[in-house]
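Top to bottom, those sequences are chains X, B and F. When we follow the working numbering, the leftmost residue of the first sequence carries the number 1, and every step to the right adds one. When we follow the working numbering, the leftmost residue of the second sequence carries the number 154, and every step to the right adds one. When we follow the working numbering, the leftmost residue of the third sequence carries the number 547, and every step to the right adds one.
If the Cβ cut is set under 8 Å, some of the chain F residues that face chain X in the computed set are: (1) Ala699; (2) Arg700; (3) Pro761; (4) Ile763; (5) Phe767.
No wet-lab data here; the hints were simulated from the structure. Every value quoted in this text rests on a predicted model; they were computed, and no experiment measured them. Ideal placement from N, C-alpha and C gives every residue a C-beta, glycine not left out.
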Amino acid sequence: METLEHIIAEHPFFAGLESYYTNLLTGCASNVRFEKGTYIFKEGEEANEFYLIRAGKVALEIFAPQRKPIMLATLGEGEILGWSWLLPPYQWKLHAHAVETVRAIALDGKCLRTKCEENHDLGYEILKRFARIMEQRLEATHFQLLDVYRVGR
Amino acid sequence: MTETVNQYVLENTDLQRLLDALIKRGYQVLGPTVRDGAIVYDVVESLSDLPAGWTDEQEAGRYRLRRRSNDDEALFGYVVGPQSWKKYLHPAEVRLLTAERSGQTFRILNNEPAPPRRAFLGVRACELAAIAVQDRVLLGDRYRDPIYAARREEIFIVAVNCTQAAPTCFCTSMGTGPRVREGYDLALTELAGPGKHEFVIEAGSAAGAEVLAELAPASASASASSVASEAVCREARAAVERAASQIQRRMDTNGIRDLLYANFDHPRWDNVAQRCLTCANCTMVCPTCFCTTVEEVSDVTGTHAERWRKWDSCFSQNFSYIHGGSVRSSAQSRYRQWMTHKLASWIDQFASSGCVGCGRCITWCPVGIDITEEVRAIRESPASSKESSHGNP
Amino acid sequence: MTMATAAMIDPMLPQPYSVRQVVKETANTFTLTLEPPNGAGGNWFQPGQFSMLWVFGVGELPISISGDPAERDRLVYTVRSVGQATHALVSREVGDAVGVRGPFGTGWPVEKAEGRDVLVIAGGIGLAPLRPVIYEVLHNREKYGRLVVLYGARGPRDLLYRKELAAWARQRETQVLVTVDYGGLSWRGHVGVVTTLFKYARLQPARSLAFACGPEIMMRFVARDLETHGLARENIYLSMERNMKCGVGFCGHCQYGPHFICKDGPIFPYDRMRPLLDKYEI
Numbered sequence: 001m002e003t004l005e006h007i008i009a010e011h012p013f014f015a016g017l018e019s020y021y022t023n024l025l026t027g028c029a030s031n032v033r034f035e036k037g038t039y040i041f042k043e044g045e046e047a048n049e050f051y052l053i054r055a056g057k058v059a060l061e062i063f064a065p066q067r068k069p070i071m072l073a074t075l076g077e078g079e080i081l082g083w084s085w086l087l088p089p090y091q092w093k094l095h096a097h098a099v100e101t102v103r104a105i106a107l108d109g110k111c112l113r114t115k116c117e118e119n120h121d122l123g124y125e126i127l128k129r130f131a132r133i134m135e136q137r138l139e140a141t142h143f144q145l146l147d148v149y150r151v152g153r
Numbered sequence: 154m155t156e157t158v159n160q161y162v163l164e165n166t167d168l169q170r171l172l173d174a175l176i177k178r179g180y181q182v183l184g185p186t187v188r189d190g191a192i193v194y195d196v197v198e199s200l201s202d203l204p205a206g207w208t209d210e211q212e213a214g215r216y217r218l219r220r221r222s223n224d225d226e227a228l229f230g231y232v233v234g235p236q237s238w239k240k241y242l243h244p245a246e247v248r249l250l251t252a253e254r255s256g257q258t259f260r261i262l263n264n265e266p267a268p269p270r271r272a273f274l275g276v277r278a279c280e281l282a283a284i285a286v287q288d289r290v291l292l293g294d295r296y297r298d299p300i301y302a303a304r305r306e307e308i309f310i311v312a313v314n315c316t317q318a319a320p321t322c323f324c325t326s327m328g329t330g331p332r333v334r335e336g337y338d339l340a341l342t343e344l345a346g347p348g349k350h351e352f353v354i355e356a357g358s359a360a361g362a363e364v365l366a367e368l369a370p371a372s373a374s375a376s377a378s379s380v381a382s383e384a385v386c387r388e389a390r391a392a393v394e395r396a397a398s399q400i401q402r403r404m405d406t407n408g409i410r411d412l413l414y415a416n417f418d419h420p421r422w423d424n425v426a427q428r429c430l431t432c433a434n435c436t437m438v439c440p441t442c443f444c445t446t447v448e449e450v451s452d453v454t455g456t457h458a459e460r461w462r463k464w465d466s467c468f469s470q471n472f473s474y475i476h477g478g479s480v481r482s483s484a485q486s487r488y489r490q491w492m493t494h495k496l497a498s499w500i501d502q503f504a505s506s507g508c509v510g511c512g513r514c515i516t517w518c519p520v521g522i523d524i525t526e527e528v529r530a531i532r533e534s535p536a537s538s539k540e541s542s543h544g545n546p
Numbered sequence: 547m548t549m550a551t552a553a554m555i556d557p558m559l560p561q562p563y564s565v566r567q568v569v570k571e572t573a574n575t576f577t578l579t580l581e582p583p584n585g586a587g588g589n590w591f592q593p594g595q596f597s598m599l600w601v602f603g604v605g606e607l608p609i610s611i612s613g614d615p616a617e618r619d620r621l622v623y624t625v626r627s628v629g630q631a632t633h634a635l636v637s638r639e640v641g642d643a644v645g646v647r648g649p650f651g652t653g654w655p656v657e658k659a660e661g662r663d664v665l666v667i668a669g670g671i672g673l674a675p676l677r678p679v680i681y682e683v684l685h686n687r688e689k690y691g692r693l694v695v696l697y698g699a700r701g702p703r704d705l706l707y708r709k710e711l712a713a714w715a716r717q718r719e720t721q722v723l724v725t726v727d728y729g730g731l732s733w734r735g736h737v738g739v740v741t742t743l744f745k746y747a748r749l750q751p752a753r754s755l756a757f758a759c760g761p762e763i764m765m766r767f768v769a770r771d772l773e774t775h776g777l778a779r780e781n782i783y784l785s786m787e788r789n790m791k792c793g794v795g796f797c798g799h800c801q802y803g804p805h806f807i808c809k810d811g812p813i814f815p816y817d818r819m820r821p822l823l824d825k826y827e828i
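Start from the sequences and build out the full structure, keeping to the hints where you can.
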């Protein structure tokens with residue numbers, strides 16, 4: 001059975017990170033599971049962790065008045081869920097809904113933020129990786145905004 | 154064509170015999186006439202139908218006919234009118250098919266009339282080159298256009314060497330004139346002056362030689378009277394060289410394909426867009442423009458349908474319409490498309506320039522846009538070195 | 547005579563095919579099956595080619611052939627009704643005639659994919675011109691490596707060929723992933739643009755050929771992402787589209803840079819398209 005440290009070290013998101021840092025991260029990590037239909041976090045709640053999804057599917061949702069919940073995107077195996085823990089005000093901006101049972105590694109955000117403040121090299125490595133994720137999400141969001149399949153203008 | 158072809162002299166009045174010989178052989182002869190203040194191609198049967206003593210004044214955005222100041226009755230003393238021979242070879246409107254509905258299906262009726270056998274009288278070197286350009290597009294590519302093919306085969310061409318140039322001409326830059334080189338059946342050089350009006354004539358094909366033999370029967374035995382003397386031949390050559398020396402406009406075509414591909418974002422396109430009305434005159438008068446559209450025609454009962462092919466222009470707003478909008482919406486993009494296609498993409502598509510230097514687009518542009526000037530403007534201040542575009546590695 | 551030789555004689559003359567079947571795929575998209583007039587020979591087309599379909603007295607359109615190339619007795623087209631001519635086409639009833647010209651254009655270079663993994667990426671109705679490729683690969687399974695189909699549509703109600711997608715997913719060495727831009731409450735599949743599916747595709751980029759078809763912006767995003775994932779530009783193929791009046795290189799409408807989409811395309815390798823895709827209003 002794989003140890004947490006092994007899973008984290010092998011995860012593509014952390015590729016290239018020195019083992020000293022993966023050790024640090026392991027100290028902030030735990031195994032979690034969310035049953036199908038439950039919410040992993042809700043908009044407005046304090047953002048204290050992020051997740052490496054190992055199985056299942058998460059839908060990012062927004063609730064707007066007089067409208068049904070809008071599903072913005074789904075994330076699946078191998079993807080990273082959540083970056084609001086990284087920057088103030090450390091609050092979730094969306095709902096994360098487990099549309100299939102989700103198994104993940106949760107990383108404690110407060111714990112990680114403290115370690116990043118203490119060790120800026122670690123902080124930079126973490127920020128670089130999250131910046132790439134944000135760029136990919138932004139580009140996908142632009143693409144989604146274009147509504148390319150809509151018929152007519 | 155070459156020095157070894159015999160040249161003969163025809164008196165001005167003898168030219169009627171040329172018309173008669175062609176008509177006798179079943180050709181409908183088309184040539185220049187004066188109508189609505191312009192030289193217009195139409196059926197000609199007698200010399201009196203031709204624009205004797207007329208010449209044209211052309212400049213960017215200007216065209217006028219006036220009487221020749223030499224006070225001669227030259228028949229071909231003009232340069233080029235607004236029309237070109239595509240009027241007949243690639244007509245502005247032609248029916249593609251007629252179909253009749255029967256039950257759930259339809260039948261296509263094979264009832265298109267065959268086009269008449271035609272002779273073109275007065276084809277300039279630039280026009281010959283333009284016909285060759287359209288031949289390549291409509292006959293020489295993956296598919297053959299049967300409408301063009303039917304009209305093109307058996308055309309008898311009487312070409313005319315230019316003895317004067319208009320300010321808008323630039324055939325010398327495009328390597329197409331003023332002397333005709335190939336693709337004609339007979340070629341004339343008109344020598345008109347005080348007390349003299351004759352044509353030096355030579356054959357460019359077997360069909361042409363056959364007609365020429367009838368006109369200058371002495372040619373068979375090379376008797377003195379109608380064989381052109383050395384002096385007359387020299388005079389004819391000099392007349393054509395004089396036309397070349399009158400050419401004022403130039404287009405530097407060195408590397409023009411890469412130049413235009415590399416300058417897709419040149420500010421000159423915005424500049425010309427402010428002047429261009431997208432009126433499409435240039436595409437209508439251009440002898441090589443070939444774009445068409447197809448229109449459906451049906452009757453009230455819905456049992457009879459026709460498909461018509463009509464000239465279209467890349468300048469029209471809807472030319473590039475797809476999925477709810479036009480790809481080339483701005484005037485800038487449409488002018489750029491026309492000019493880049495004509496001078497650059499055409500080379501990749503058909504291995505030659507699409508422009509023959511006839512200058513019609515300059516004359517007939519209502520705001521006087523000059524394609525030679527647009528090229529010069531881009532050449533003189535090209536964009537800073539960028540990756541070459543248009544998919545060429 | 548076969549359609550190919552008819553085109554050689556007069557490429558502008560349609561042959562009256564008759565409608566055998568009309569199937570509704572989505573609210574505005576229908577699949578027509580046409581059969582040739584009596585006595586006409588078998589139809590042959592390359593996946594990716596298109597026909598010019600004529601509705602008597604109404605109009606003519608370029609439509610990709612979306613059937614199985616092995617079924618020589620019919621031609622199948624999936625048509626989205628967006629205007630007068632497409633509406634007339636999808637309103638045809640069984641037995642009605644539709645004029646057919648073609649097939650025209652270049653096809654997907656499936657032969658280049660022999661021995662390699664095939665990645666098919668479709669956006670919206672772009673799945674229609676790609677379906678013949680999927681049939682070809684599945685009918686000749688041992689000639690090709692893995693087959694991965696990534697399909698994105700606007701919403702669940704816009705998905706085409708749902709039953710077939712499920713059937714394809716069950717084939718060996720075949721992966722089918724579907725996503726929608728807008729999910730809706732009952733959708734339990736992926737939500738997001740089709741590029742978000744790339745990370746799940748199980749294939750070796752170095753030995754893959756990708757065929758992509760969909761709106762032009764979608765193909766730009768897709769091709770860029772494919773390169774990031776390790777595919778070479780010359781192994782990525784796109785199906786381009788422009789206004790067409792003739793389909794045979796005479797009307798001039800379909801020009802894209804120096805290319806006539808009707809005869810130099812519609813299928814092009816990405817390396818040739820990349821410099822043009824970036825240019826506005828070309």
